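A.B. asks: Chain residues, written in single-letter form:
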Amino acid sequence: ELKVEQNPLFLSMQEGKNYTIYCNYSTTSDRLYWYRQDPGKSLESLFVLLSNGAVKQEGRLMASLDTKARLSTLHITAAVHDLSATYFCAVNYGGSQGNLIFGKGTKLSVKP
Amino acid sequence: DTGVSQDPRHKITKRGQNVTFRCDPISEHNRLYWYRQTLGQGPEFLTYFQNEAQLEKSRLLSDRFSAERPKGSFSTLEIQRTEQGDSAMYLCASSSGQGQYFGAGTRLSVL
Numbered sequence: 001e002l003k004v005e006q007n008p009l010f011l012s013m014q015e016g017k018n019y020t021i022y023c024n025y026s027t028t029s030d031r032l033y034w035y036r037q038d039p040g041k042s043l044e045s046l047f048v049l050l051s052n053g054a055v056k057q058e059g060r061l062m063a064s065l066d067t068k069a070r071l072s073t074l075h076i077t078a079a080v081h082d083l084s085a086t087y088f089c090a091v092n093y094g095g096s097q098g099n100l101i102f103g104k105g106t107k108l109s110v111k112p
Numbered sequence: 113d114t115g116v117s118q119d120p121r122h123k124i125t126k127r128g129q130n131v132t133f134r135c136d137p138i139s140e141h142n143r144l145y146w147y148r149q150t151l152g153q154g155p156e157f158l159t160y161f162q163n164e165a166q167l168e169k170s171r172l173l174s175d176r177f178s179a180e181r182p183k184g185s186f187s188t189l190e191i192q193r194t195e196q197g198d199s200a201m202y203l204c205a206s207s208s209g210q211g212q213y214f215g216a217g218t219r220l221s222v223l
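The listed protein sequences derive, respectively, from chains A and B. Going by this note's numbering, the first sequence opens with residue 1, and the numbers climb by one from there. Going by this note's numbering, the second sequence opens with residue 113, and the numbers climb by one from there.
Calculated from the structure, these hints are not laboratory results. Note that the coordinates shown come from a computational prediction; the quantities given were computed from them, not determined experimentally. The beta carbon of each residue, even a glycine, is placed where N, CA and C say it ideally should be. Treat the hints with care, as some may be off.
Once the Cα atoms are required to be at most 27 angstroms apart in a straight line, the calculated BS3-like pairs of lysine-lysine come out as [as the list claims (entries may be wrong)]:
#: 1; chain 1: B; residue 1: Lys169; chain 2: A; residue 2: Lys104
#: 2; chain 1: A; residue 1: Lys3; chain 2: A; residue 2: Lys104
#: 3; chain 1: B; residue 1: Lys126; chain 2: B; residue 2: Lys169
#: 4; chain 1: B; residue 1: Lys123; chain 2: A; residue 2: Lys104
#: 5; chain 1: A; residue 1: Lys41; chain 2: B; residue 2: Lys123
#: 6; chain 1: A; residue 1: Lys3; chain 2: B; residue 2: Lys169
#: 7; chain 1: A; residue 1: Lys41; chain 2: A; residue 2: Lys107
#: 8; chain 1: B; residue 1: Lys169; chain 2: A; residue 2: Lys41
#: 9; chain 1: B; residue 1: Lys123; chain 2: B; residue 2: Lys183
#: 10; chain 1: A; residue 1: Lys41; chain 2: B; residue 2: Lys126
Partial chain B-side listing against chain A, Cβ under 10 angstroms, derived [said to hold, decoys possible]:
#: 11; residue: Phe157
#: 12; residue: Gln210
#: 13; residue: Ala216
Going by beta-carbon spacing under 10 angstroms, a handful of chain A positions derived as facing chain B [stated by the list, open to error]:
#: 14; residue: Tyr33
#: 15; residue: Gly40
#: 16; residue: Leu100
Produce the complete structure using the sequences and hints provided.
C.D. replies: This is the structure:
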């Protein structure tokens, strides 16, 4: 059974600080996704990581993938309040077209 | 707006009633997925379609749940004889192969 674990589940940061969210998954998967969810809203796609060593950056967020370690990281640089949200990682089950298995999410709160 | 559309956004019903939700995917996407999300959890897979064919169903999809995509375009998810445990956000996503794009969801409250 494919399992996806995120840590930490809750993260309170001060503006301007850096931090990393970790995502481990239990079996081989050929792609990994990061989504953002604001309270009461749907999921916004942030990154799709397709291969070992893939790194993608958008603004203050950078995601990387190590398929050998079955680990992805989401690094936050110089956090700002607007980044406060819940961040989910997910992997495909049963191939690249299969359903997604999500982690429990990391609730990020950035305080001034 | 050409994103994934879901209707209604909110549904309040009494236990034992039937409810139906609709999802309109992005028009060129042939795959459509349904997920359920409860408070504080990540979305959990329910079922998915490729065109009009329902290819997989999760064990979470009890016999009270049924999903259709009759013409390979929009999809409906029906829950019969609702229970309080069905209260959740029901999310629809569509894909053409490069990631899944989610709708705003239908929040169901069963009283």
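A.B. asks: Report holds or violated for the interface hint on Phe157 (chain B), using the least CB-CB distance to chain A and a cut-off of 10 angstroms.
C.D. replies: holds (4 angstroms)
A.B. asks: Tell me if Tyr33 (chain A) is really an interface residue toward chain B, meaning its C-beta lies closer than 10 angstroms to one of theirs.
C.D. replies: holds (6 angstroms)
A.B. asks: If you take the shortest Cβ to Cβ gap from Ala216 (chain B) to chain A, is it below 10 angstroms?
C.D. replies: holds (5 angstroms)
A.B. asks: Would you settle whether the hint for Gly40 (chain A) is holds or violated, based on the nearest Cβ-Cβ distance to chain B being less than 10 angstroms?
C.D. replies: holds (8 angstroms)
A.B. asks: Tell me if the straight-line CA distance from Lys3 (chain A) to Lys104 (chain A) falls inside 27 angstroms.
C.D. replies: holds (10 angstroms)
A.B. asks: Check the hint pairing Lys126 (chain B) with Lys169 (chain B) against an upper bound of 27 angstroms on the C-alpha distance.
C.D. replies: With a Cα-Cα distance of about 26 angstroms, the restraint between Lys126 (chain B) and Lys169 (chain B) holds, given a limit of 27 angstroms.
A.B. asks: Hint check: is the beta carbon of Gln210 (chain B) less than 10 angstroms from a beta carbon of chain A?
C.D. replies: holds (7 angstroms)
A.B. asks: Holds or violated: are the alpha carbons of Lys123 (chain B) and Lys183 (chain B) at most 27 angstroms from each other?
C.D. replies: Status holds; Cα separation ~25 angstroms.
A.B. asks: Given the hinted pair Lys3 (chain A) and Lys169 (chain B), is their Cα-Cα distance within 27 angstroms?
C.D. replies: With a Cα-Cα distance of about 18 angstroms, the restraint between Lys3 (chain A) and Lys169 (chain B) holds, given a limit of 27 angstroms.
A.B. asks: Against the 27 angstroms threshold, does the CA-CA distance of Lys41 (chain A) and Lys107 (chain A) hold or violate the hint?
C.D. replies: holds (14 angstroms)
A.B. asks: For a C-alpha distance cap of 27 angstroms, please report whether Lys41 (chain A) and Lys123 (chain B) respect it.
C.D. replies: holds (15 angstroms)
A.B. asks: Take a quick look at whether Lys41 (chain A) and Lys126 (chain B) sit within 27 angstroms of each other, Cα to Cα.
C.D. replies: holds (24 angstroms)
Violated hints for the displayed structure: none, as all numbered hints are satisfied.
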